[in-house]
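Asks: Given next are the chains, with one letter for each unit.
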Amino acid sequence: MLMTDAILITIIAERLLKKQLTELIVEKGAKGYTITDASGEGSRGIRASEFEGRNIKLEAIVNQEVANKILTAVSETYFENYAVITYTENVKVVRGDKYL
Amino acid sequence: MLMTDAILITIIAERLLKKQLTELIVEKGAKGYTITDASGEGSRGIRASEFEGRNIKLEAIVNQEVANKILTAVSETYFENYAVITYTENVKVVRGDKYL
Amino acid sequence: MLMTDAILITIIAERLLKKQLTELIVEKGAKGYTITDASGEGSRGIRASEFEGRNIKLEAIVNQEVANKILTAVSETYFENYAVITYTENVKVVRGDKYL
Amino acid sequence: MDALISNFASPIVLAFVLGIVSRLVKSNLELPKPLYQSISIYLLLAIGLKGGVELSKTSFDVVVWPVGATLLLGVVTPITAFLVLRYMGRFDMDNAAGIAAHYGSVSVVTYIAAMAYAESVGLQAEGFMPTLVALLEIPGIVVALMIPLLLSTGGGSVKKAMHEVFTGSSIMLLMGGLLIGFVSGPERFASVEPFFVTMFNGALVLFLLELGIVTASRLRDLKKAGLFLVGFGIIVPILHGILAIWLGLLAGLSVAGAGVFAAMVSSGSYIAAPAAVRIALPKASPTLYLTASLGITFPFNITLGIPLYFVIANWMGG
Amino acid sequence: MDALISNFASPIVLAFVLGIVSRLVKSNLELPKPLYQSISIYLLLAIGLKGGVELSKTSFDVVVWPVGATLLLGVVTPITAFLVLRYMGRFDMDNAAGIAAHYGSVSVVTYIAAMAYAESVGLQAEGFMPTLVALLEIPGIVVALMIPLLLSTGGGSVKKAMHEVFTGSSIMLLMGGLLIGFVSGPERFASVEPFFVTMFNGALVLFLLELGIVTASRLRDLKKAGLFLVGFGIIVPILHGILAIWLGLLAGLSVAGAGVFAAMVSSGSYIAAPAAVRIALPKASPTLYLTASLGITFPFNITLGIPLYFVIANWMGG
Amino acid sequence: MDALISNFASPIVLAFVLGIVSRLVKSNLELPKPLYQSISIYLLLAIGLKGGVELSKTSFDVVVWPVGATLLLGVVTPITAFLVLRYMGRFDMDNAAGIAAHYGSVSVVTYIAAMAYAESVGLQAEGFMPTLVALLEIPGIVVALMIPLLLSTGGGSVKKAMHEVFTGSSIMLLMGGLLIGFVSGPERFASVEPFFVTMFNGALVLFLLELGIVTASRLRDLKKAGLFLVGFGIIVPILHGILAIWLGLLAGLSVAGAGVFAAMVSSGSYIAAPAAVRIALPKASPTLYLTASLGITFPFNITLGIPLYFVIANWMGG
Ligand SMILES: Nc1ncnc2c1ncn2[C@@H]1O[C@H](COP(=O)(O)O)[C@@H](O)[C@H]1O
Ligand SMILES: Nc1ncnc2c1ncn2[C@@H]1O[C@H](COP(=O)(O)O)[C@@H](O)[C@H]1O
Ligand SMILES: Nc1ncnc2c1ncn2[C@@H]1O[C@H](COP(=O)(O)O)[C@@H](O)[C@H]1O
Ligand code: NA
Ligand code: NA
Ligand code: NA
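Protein chains in written order, with my numbering: chain L, 1 to 100; chain D, 1 to 100; chain B, 1 to 100; chain A, 1 to 318; chain Y, 1 to 318; chain P, 1 to 318.
Where hints are given, some of them may not hold.
[As the list claims (entries may be wrong)] Below, computed lysine-lysine pairings styled on DSBU-like, alpha-carbon distance capped at 30 Å: (1) B:Lys28 x P:Lys224; (2) A:Lys283 x A:Lys160; (3) A:Lys26 x L:Lys18; (4) D:Lys92 x D:Lys31; (5) D:Lys92 x D:Lys19; (6) D:Lys28 x D:Lys92; (7) Y:Lys26 x D:Lys28; (8) L:Lys98 x B:Lys92; (9) D:Lys18 x Y:Lys223; (10) L:Lys98 x L:Lys19; (11) L:Lys92 x L:Lys18; (12) Y:Lys223 x Y:Lys283; (13) B:Lys19 x B:Lys92; (14) P:Lys283 x L:Lys69; (15) B:Lys92 x B:Lys31; (16) L:Lys28 x P:Lys160; (17) A:Lys223 x L:Lys18; (18) L:Lys18 x B:Lys98; (19) B:Lys98 x B:Lys69; (20) D:Lys31 x A:Lys159; (21) A:Lys33 x Y:Lys26.
[What the hints assert, rightly or not] Just so you have them, the derived chain D footprint on chain L, three or more residues with Cβ under 8 Å: (22) 3-9; (23) 27-41; (24) 87-95.
Derived by calculation from the structure, the hints in this document are not laboratory data.
Note that beta-carbon positions come from the ideal geometry of N, C-alpha and C, so glycine has one too.
All chains should be built: construct the whole structure from the sequences, respecting the hints.
Replies: Listed below in structure tokens is the structure:
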């Protein structure tokens, strides 16, 4: 099985930012993304989207360059005022050309 | 803490394939799996399970050999006609004998 | 982008243990956590929380030391009698000071 | 004309329009998926129950002919749809059979809208209509999926698809409801009637709101689907509808019954069929079959089609 | 016999059967989890509210004896169950206590089915029965969990389990509903009555559909549970039921009230008890206690048990 | 006094209290999120529909003045709130504007509670009140978000926030419902009335249970919010309420109508406004604006505020 190295970037954020964040990562070059509902607690606590009750967890498989662009954009735009955390992992994908 | 190296294989697919895919990975040797609901967008767009609205994200901790078998089977059977993506990561598990 | 190495620890467990497990990981030093609903099958099968139908998947970004403490505590307290699995991965986080 | 306005101004149709509009203005309005699924379950079970209770009051002689007509049309309509698509539309085998499966089956919501329409113009269709809906759901899919098999193409698993069709939740709920209603009978049904009958139309408003939202996201696919499919999605249903009226009246249905029957037969499934086709004919494009049945025929039927079928039924049988 | 058929033919029991059948034919039918939880919440709150409103119309003298009988049985039944399991069935301490906790508590759905049955045969149990349900839910669990503690085994956290029991959502809703109903009184309750009373039986049909599906997945565990447990799950409830009828009639309950009371007392909890037992006695096997209470006693009660208790109540007190 | 007790003893208010209590005793009781969202959708659509049907029976002359009064107050109240917060409370620009946006908009549940209260004391507010609710939802938010823009601070995206407000699901459902109700008219509405009208108060009980739970988790933030905000959250609504009564009576509203109008105007939004403010003014603290509108003003209004407004309305206009 031919596998390609790729980056899995994960963004956990208040649900209110769903649309903005998906637009952002697509703009920065992600070919797709996957969203799951999540809840959680962190150091900053309360958010306005409490009524919708949950965070979202946004995952995208991208190459290193796109990952960097997304990381920079997310931290510049959202880290100060919103409940957002981001991390990356190394993964191996089948048919890497599709995502990278 | 004694940790064992293992592979975490993730399959994101249209919900319609849930039963088929879980059967497939168990048949190829996975001792268990975890499913979460997900939604997302990719390069191929529309699917028939839209009414059920979501993808599934199937995760299994397996050894390298089982991972390879699953990867091969999934890509042969589903990649052409269905919305499916697959990737693997290296993880460390406690009590590895249980899964591997 | 300045990234810090960290550990992503994942615990999949019967939902009944949600409160106990989140308290445990915070007590052991996690600064936050994220929870998603999950379902699944493993080697031990049935659980009492079947009515609530699902497992939880608890993820926390921590440093190696906290990860070890959590792993030890979880395996000592829950592995014998409950449906629980745990694994760790290496990730890179932005603003590592926040979690570690 | 009056009938048309009356249909357009019903809360059910208007809720559908609201759903479409809210998607067009990019509102974030959406029904939680579990609510949508819950209402589907409720509607299917309720239809089954009502049908079963009615059936328990009806004599065999009265139903036997309409049942025959339903099964016949379940076999005929997917074939006509297939032939039109394959030989006039030049669709490939998989797509032609996949779309045909949808038109062989039935859209439960179209049926409900037709019943509501009948009521709103002061008519009353036969009580056993839900029995016909349940019977119409399956054969069309089976027949359509057989075609590529007989002509030996395919590739997907027809066996799995058949299991999917027969044990799919919509059949379970419709047939299960029918049996429960039939065995319970009117008296024992009374205690659950407020829930399953009195609330029915209101729940339908919520359902059509969501269906409007889903349909609107189909509309942008109309271009991909092409002009032929748009024509197909309007003209073939009308022809199937006329055929249904003729056969329905022959089988002894009332004018209102024939109108509802036409709406059922003309409609395209978008719940049971897509799941089955996706498994049996993976090469068939969901964009084509969902756009046709949900994006074209469904909106056509619930706005113009239903009043039209009633006019024709009245004219042929009144 | 007639009573039996009438019970079997009720939409509620038939929905339960549909749930079982649909699982057996491997249908993918299932209620969305949030719907299932929503209906649970609704049913518990509705029972509480109705009970509270009735209680506000009842004098203290009338309730005091039934309340006493309920508390007494809440203490006695887990002990008899424990003794039978430990000394006749040779179960280990944890499993015996774990199962006993379930039989000391109450299955709310069994209670509801008994009320519905009473109505269907033209009888009317006392209005304050929900009060008794709420009171019966807790003590049996507490008593059973105390046993291994007194005999000093265990290992889980009884304190956490107690908090789980007392602040569990079922107690909150039942007791909260009771208080709200009691304080509101019939007049202020009127505006919410259509929602909480008129819709009740219909909502129950959906609930039992899901319960049938869950029960069916228990049935394959019957073999693991063993013959003794099957016998236990039928005979002990009957004995508890007879005891309840006798005490209930002594306490002044009507024949219908005694029948419903027997159904309650004989039933095994499968919501509050499993959660508490899982935490307090982690070594007790969920397969055993859930199979017994949900896989054996529950289906027995709602099909044969309830009519039987009514026959006995009629015979002892009629 | 009687009115007060009557209000406290209503199932709706008691359910709210049950929600608070269950959180305080750390119960795990919670409504599934999809249920909560479903009830929100239902309530908003139902209010719109009822309002639309009533509007279709009302002449233009009767509504025009109340509509004017509503729009005027939608502009005035966020400004008074802003001035009090900025210059008396010394809040920074973002927080003052953020909180003001909430008080310029409306809490739909407060409106509903006021309608229910009116009914419970035998009064009947004008049928077109839901029209006013829908109109009051937006302008206050727009005006408040304009303030920092005019005084040129901000940083968030006001444009995105405006789109959020105008296409938000609450406006879609309220306005959509109004239009559907208006176009359908009373006759076509009849078939969905049991669902949207008869069930309304019962569904509200469930909603307030959850709102109680959410509010309770706000209460621990009261300390962070500070004494000034607590005073603000009680006194400013009373002043806005009195202003609303005066203008409402001038505009021709009945005493009951003026009481309900006061409850609306005095209330703080906690669904539409938070989402908009979070996007337009990301530096404003959700803790402050949610604690004020949901933790202080909402409980004040549904317990003491509403009866008070009715007393004042009666006194000023009776
Ligand atoms: N250390 C952590 N590990 C995993 N998830 C976290 C962690 N810290 C925060 N989160 C998630 O990020 C969200 C926002 O965190 P915060 O901005 O710190 O309130 C939380 O609700 C959690 O879902
Ligand atoms: N680059 C990606 N990163 C993460 N998830 C993806 C990516 N591409 C596709 N997906 C997921 O895979 C599903 C199917 O993708 P596709 O087959 O490209 O339509 C999508 O709905 C997404 O959930
Ligand atoms: N090999 C595996 N890979 C992924 N998830 C697993 C695996 N084994 C068990 N699980 C998850 O852990 C839960 C408990 O497993 P068990 O204790 O083996 O019944 C299951 O319900 C699954 O969600
Ligand atoms: Na058809
Ligand atoms: Na019992
Ligand atoms: Na206001």
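Asks: Would you say the region 87-95 of chain L counts as covered by chain D, given the rule of at least 3 residues with C-beta under 8 Å?
Replies: Holds, because 7 residues of the region 87-95 of chain L bring their Cβ atoms closer than 8 Å to Cβ atoms of chain D.
Asks: Need the status of pair Lys92 of chain D, Lys19 of chain D: alpha-carbon distance at most 30 Å?
Replies: Holds - the C-alpha atoms of Lys19 of chain D and Lys92 of chain D are around 28 Å apart, at most 30 Å.
Asks: Just to be careful, I want the Cα atoms of Lys28 of chain D and Lys92 of chain D compared with a cutoff of 30 Å; is the pair within it?
Replies: holds, 21 Å
Asks: Given that the region 27-41 of chain L was listed as covered by chain D, double-check it with a C-beta distance under 8 Å for 3 or more residues.
Replies: holds (count 7)
Asks: Does Lys223 of chain Y lie within 30 Å of Lys18 of chain D when you go C-alpha to C-alpha?
Replies: holds, 29 Å
Asks: Could you grab the alpha-carbon distance between Lys92 of chain L and Lys18 of chain L and see if it respects the 30 Å cut-off?
Replies: holds, 26 Å
Asks: Given as covered by chain D, does the region 3-9 of chain L meet the bar of three residues or more with CB within less than 8 Å?
Replies: Since 3 is at least three, the answer is holds.
Asks: Given the hint that Lys98 of chain L pairs with Lys92 of chain B, test it: the Cα-Cα distance must not exceed 30 Å.
Replies: It holds: about 24 Å lies between the C-alpha atoms, which stays within 30 Å.
Asks: Is it true that the CA of Lys26 of chain Y sits at most 30 Å from the CA of Lys28 of chain D?
Replies: holds, 23 Å
Asks: Can you confirm whether the C-alpha distance between Lys283 of chain P and Lys69 of chain L stays at or below 30 Å?
Replies: holds, 25 Å
Asks: Measure nothing beyond the straight line between the CA atoms of Lys31 of chain D and Lys159 of chain A; if it is 30 Å or shorter, mark the hint as holding.
Replies: Within the cut-off at roughly 27 Å; holds.
Asks: For Lys223 of chain Y and Lys283 of chain Y, compute the direct alpha-carbon distance and say whether it is at most 30 Å.
Replies: holds, 20 Å
Of the hints listed earlier, there is not a single one the structure fails to meet.
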